Amino acid sequence: MEIIVLLKQVPDTETVIKIGEDGKSIATSSIKWVINPYDEYAVEAALRLKDSQGANVTILSLGPQRMVESIRAALAMGADKGVLVDDPAAEGSDALGKARVLAAALKQIPHDLIFCGHRAVDDDENQVGIMVAELLDIPHLGLAVTIEMADGLIKISRPIEGAKVQLESPMPALITLGGAHAIWQPRYASLPGIMKAKKKPLEVKKLADLELSPEQVGAAAAKIMVVSLKMPVPRQSGLMISGDTAAKAKELVRLLHEEANVI
Amino acid sequence: MTGVCIIAEFRNGAFRQVSFEIASEGRRLADALGEPLTAIVLGDGVTAEAATLGQYGVKKVYLIDQPELKDYLAEIHVPVLAEILRSVQPKVVLSAASANGKDLSARLAARLGAGLAQDCTELLIENGALKAKRPVYAGKTYAWCAWTNGSYPQMASCRPNVMACSLIDASKSASVETPAITLPAVVKSRIVKVEASETKVDLAEAQVIVSGGRGMKDPKNFALLEELAQLLGGAVGASRPAVDAGWRPHADQVGQTGKVVTPTLYIACGISGAIQHLAGMGSSKFIVAINKDPEAPIFSKADYGVVEDLFQFIPAFIKEVKKLKAACG
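Taken in order, these protein sequences are the chains called U and H. Straight run, no breaks: the first sequence in my numbering ends on number 269. Straight run, no breaks: the second sequence in my numbering ends on number 333.
Chain H extracted, bound-state conformation (with noise of 0.2 angstroms):
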């Protein structure tokens, strides 16, 4: 038993951007343990990128490249990672906490009997044992989580857009091996199709959120909102009774009944705050309150606040982020 090793996630001839965050954050864990860190890389048309996660030192890929493996199915890719687990032995498993990756990592800790932290915010290594630390109540609370003695692996999967991404060295490669390892023969379930959706920047990944509450009073407003994000490199979301509204679409929900959300800045417009979308963006980096109610509770989680009419504001505020952006080139 011995290491570290990640699970990377690989769609779409890219790494997700989380793969490089869990390299980082499994370096500076196998660092603190003084043992190697490893990856395994499942995927179609993977193996001219597998090596690059040596820039964030990772030691050695191993590396699954088949077309079977071009999306996600638990059938087939938990009993691959589970056998490449058994083989390598590592002390610490890390995984991305997306949508596949919690998925894959509560399926592998079972088949495994192992202890899993789903979401985690912040790892560290105590005594040679992982402990983590992963919001509960969406964030109104955190719990640390330990593995008991001798229990290994200790799995954790991590929340896209926190942990730091190291870049150690820009022209380092990890060795590559090619486990010999025959996919199962038999799948009941299947994927049907994969659609890419419309949005470009996802709410989970993105640094940058703008988002509509019931001030926003019609569907048809939120286009101010889009104009801001797009500005910003950003993507739109809503709180729950814009979404009970039928103004967007659910995925775009942020609070404890949807996502949670961890980006640089998120900009809150025309909500109030109940305490179950506060607990769903309480821990973004910086936060802007906009609302002409000088008494809604959002202003207790902001930075900055504003007490003022949305629909004065953002097109005020718009306006001067063009200027700063004309003027920063």
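So that you can see chain U by itself, here it is in the shape it has in the complex (with noise of 0.2 angstroms):
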């Protein structure tokens, strides 16, 4: 079974994000780059079935230089090998352009299974691997926090709005990874792994190998752009309730309810 993680690299969780100079990024300098959490999620539940049912692991990626760094932490996790595309010519792609790109580099890779995180926690778009799915024809069977194999069907379970879904799908299908850590638990690169890791293949690509051509994906072809930044306004400062219990549990049911009106 050959399964296909979709990885893409994000700024820390903890990283206070402040807006660059071009006034639609923010600005990158002093930041931690991690794999983005829903998809270390992805590496994860594909290790898990690599283990129960055997299966070689490929972690594609479309992104810059710095993107090896979690391709390899995601190798050294027992991931078999990674692709990279990186080309300047994929830059300012919108969801479907980065879409397009990673469809066409699955054409070449024998896949059964994509896994990827539903969302990423930096651009929060919600919508590159949903959009795999439909450029490669495969259902997506989405949100999933719970993943199990049987008799060649691949089987999920998603929370929606006051409901549970269980769905089923043969194979080839994509699955974006829902729940939280406490879930997953994704596991840590042992130090053999990380050694083993270093030997593992890596390839880079461009476009012209994926028989894409620049028109279809990058600026040019998207129909949707981040035009400005802006930072949240911020809150006045807070009334902080003094007095004894009684009293400060008295005032907060007062202002929740005469000057607040929300209870």
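Treat the hints loosely; a few may be bogus.
Example chain U residues on the side facing chain H (calculated, C-beta under 10 angstroms, incomplete) [to be verified]:
| no. | residue |
| --- | --- |
| 1 | V22 |
| 2 | A101 |
| 3 | K170 |
The list that follows gives simulated cross-link-like pairs (lysine-lysine, DSS-like), each with its CA atoms no further than 27 angstroms apart [unchecked claim]:
| no. | chain 1 | residue 1 | chain 2 | residue 2 |
| --- | --- | --- | --- | --- |
| 4 | U | K256 | H | K224 |
| 5 | U | K30 | H | K137 |
| 6 | H | K224 | H | K296 |
| 7 | U | K206 | U | K38 |
| 8 | H | K197 | U | K161 |
| 9 | U | K256 | H | K289 |
| 10 | U | K256 | H | K221 |
| 11 | U | K30 | H | K135 |
| 12 | U | K256 | H | K329 |
| 13 | H | K296 | H | K327 |
| 14 | U | K38 | U | K205 |
| 15 | H | K197 | H | K74 |
| 16 | U | K212 | U | K202 |
| 17 | U | K170 | H | K197 |
| 18 | H | K296 | H | K221 |
| 19 | U | K24 | H | K289 |
| 20 | U | K236 | H | K289 |
| 21 | U | K256 | H | K326 |
| 22 | U | K38 | U | K202 |
| 23 | U | K211 | U | K56 |
| 24 | U | K113 | U | K212 |
| 25 | U | K202 | U | K87 |
| 26 | U | K170 | H | K224 |
| 27 | H | K327 | H | K289 |
Just so you know, the hints here were simulated from the structure itself, not pulled from any lab data. Note that this is a predicted model, so its numbers are computed, not measured. Where a beta carbon is used, it is the ideal one built from N, C-alpha and C, also for glycine.
Build the complex from these two chains, which are given one at a time in their own frames, with help from the hints.
In structure tokens, the structure reads:
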């Protein structure tokens, strides 16, 4: 079985975000880049299937050279090989453009299952993985919090508002991961894993290798773009309520009822 | 290419609240364009309800009412939506940024070759085109997005609980058209089952969230927050440490990796306020922080702060809320 994990790199979630000089992207100096947490769950889910069923796990990424570190980190966790599409011509792509690059790369890599996070916690676009499934014309099972395989079918459960849904699909299929760290608890790389990862194959491709013409991707093909970033309006400094316990409780209820009108 | 079209979300015999929110937002955008507002409604047993979207200013509803559309399955819903949208040809398409709404929006955008902004919190029309504001980095900052010239439809999904709901005229009904569309014959994936969840109020849709963190000390202590949440008609959330400790289900996690929520009232109990948690709840309308550490970063986001042991304070607070409820009848 061939499992491909789509992996993106994002600023660590403890990063304080500042707007860059162009006003439409973030300042990237002194950022610690990590694997998008939901993609890290995807790596873990793929490795669990590899452990239980046997599989080759390939990491596929689109992005600059700094991605190599994250791909190696996933290889150290236990993935088998990496493919990085690094081409300046892909810069400025919207979600659909990025999905086109990934789908084109996937057409050259045998795949039974494709895993990725349901969103990346930087742009929060919530769409690239799903679009890849559409472009490859395969089912997408989204927001998975459990993944099982039986009789050649992949089965997931996903929480939606007020309900839990179980979906099932034959392969090939694309699964986007939901849930939280507490569910997936991605494994740490072992020291031998880190040593081995250095020797695992990592192929770097250009758009031309994917038979993708530049006009299908990049800024020129984008249908939507970010025109500016704005920091949230800072909150007015709050009121600290004083007094003894009973007085504080009474005052908080009064404020919420009379001033805020929320209870 | 004209008008605004919303994709309403209908489940278990009723429209989800977010459908009225996107209808209301759609009305505002359609008015700004001076063009009509239409809606697409797919579901099972939805015929009797469909025309009520007229109360929110929808002129016309494209309705398909079939048992196969009872629960959302991308492989059935997306081709049907795409076919209707190709014939309606709206400039703007609004959908719900719910679990299913985000799923169908992305797949639909890829199918139509359209630009999509997910989880929008503000929309406006500028020079006849849509502009959308949406949180990025879970709300640490916001992106304003624009569509390139002549790129239609301009698709946006709207975060639940954010867009104002405006009932225009309770006596109005929309005209209903039933397009002749054949559902896809071959579908690979299938819905095995749908189970209603035990909690009554979903975190993403809750008006009030009472959240607990490391300071709760023990999973049993969350009963206190459950009681308060129930009293306020809200839901219980949790910080990542509380979920990582196994005290609360993962679905309750609020933060950059977890749910990003925008309730009217967020009460943070024993949560210090890690930056990734603050991002996930920072755009709540009112924030109350209860923490015994006066230096806790959560206080920087709070409208009202109480420095006290939560095990002392919350029972007293519950008592006062009960008094208020009794007084208000």
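Outcome of the hint check:
With 10 angstroms as the threshold, the beta carbon of U/V22 comes within range of chain H, its nearest partner Cβ sitting at about 7 angstroms, so the hint holds. Hint status for U/A101 relative to chain H: holds, with the closest Cβ pair at about 7 angstroms, below 10 angstroms. Residue-level restraint check for U/K170 holds (minimum Cβ-Cβ distance to chain H is 5 angstroms; threshold 10 angstroms). Note on U/K256 and H/K224: the hinted pairing holds, with a Cα-Cα distance of about 26 angstroms set against a maximum of 27 angstroms.
At roughly 13 angstroms between alpha-carbon atoms, U/K30 and H/K137 fall within 27 angstroms of each other, so this suggested pair holds. Restraint check: the Cα-Cα separation between H/K224 and H/K296 comes to about 19 angstroms, which is no more than 27 angstroms; the hinted pair holds. Proximity of U/K206 to U/K38 is assessed by CA-CA distance (about 24 angstroms); at most 27 angstroms being required, the pair is judged to hold. Our distance criterion of 27 angstroms between C-alpha atoms is met by H/K197 and U/K161, whose separation comes to about 11 angstroms.
Straight-line distance between C-alpha atoms of U/K256 and H/K289 comes to about 21 angstroms, which keeps the hinted pair within the 27 angstroms bound. The straight-line distance between the Cα atoms of U/K256 and H/K221 is roughly 25 angstroms, inside the 27 angstroms bound, and the hint therefore holds. Of the supplied pair hints, the one linking U/K30 and H/K135 holds, its CA atoms being roughly 14 angstroms apart against a limit of 27 angstroms. Proposed proximity of U/K256 and H/K329 is supported: the alpha carbons are some 13 angstroms apart, at most 27 angstroms.
About 25 angstroms separates the Cα atoms of H/K296 and H/K327, which keeps this hinted pair within 27 angstroms; it holds. In summary, the hint linking U/K38 to U/K205 is supported, as the alpha carbons are separated by about 24 angstroms, within the 27 angstroms threshold. The hinted pair formed by H/K197 and H/K74 meets the criterion: a straight-line CA distance of about 12 angstroms does not exceed 27 angstroms. For the given pair, U/K212 sits about 26 angstroms from U/K202 by alpha-carbon distance, which is consistent with the 27 angstroms threshold.
Taken as a hint, the U/K170 and H/K197 pair is honoured in the structure, with Cα atoms around 8 angstroms apart against an allowance of 27 angstroms. In summary, the hint linking H/K296 to H/K221 is supported, as the alpha carbons are separated by about 13 angstroms, within the 27 angstroms threshold. Only pairs whose Cα atoms come within 27 angstroms are accepted, and U/K24 paired with H/K289 is accepted, the gap being roughly 23 angstroms. For the hint linking U/K236 to H/K289, the alpha-carbon distance of about 18 angstroms falls within 27 angstroms, and the restraint holds.
Taking the CA atoms of U/K256 and H/K326, the gap is about 11 angstroms. The hint holds against a cut of 27 angstroms. Proximity of U/K38 to U/K202 is assessed by CA-CA distance (about 24 angstroms); at most 27 angstroms being required, the pair is judged to hold. A distance of roughly 26 angstroms separates the Cα atoms of U/K211 and U/K56; the hinted pair therefore holds under the 27 angstroms criterion. For the suggested pair U/K113 and U/K212, the alpha carbons sit about 14 angstroms apart, so the restraint of at most 27 angstroms is met.
Between U/K202 and U/K87 the alpha-carbon distance is near 11 angstroms, which keeps this suggested pair within the 27 angstroms criterion. A distance of roughly 25 angstroms separates the Cα atoms of U/K170 and H/K224; the hinted pair therefore holds under the 27 angstroms criterion. Between the alpha carbons of H/K327 and H/K289 the distance comes to roughly 24 angstroms, so the proposed pair stays at or under 27 angstroms and holds.
The structure is consistent with each of the numbered hints, conforming to all of them.
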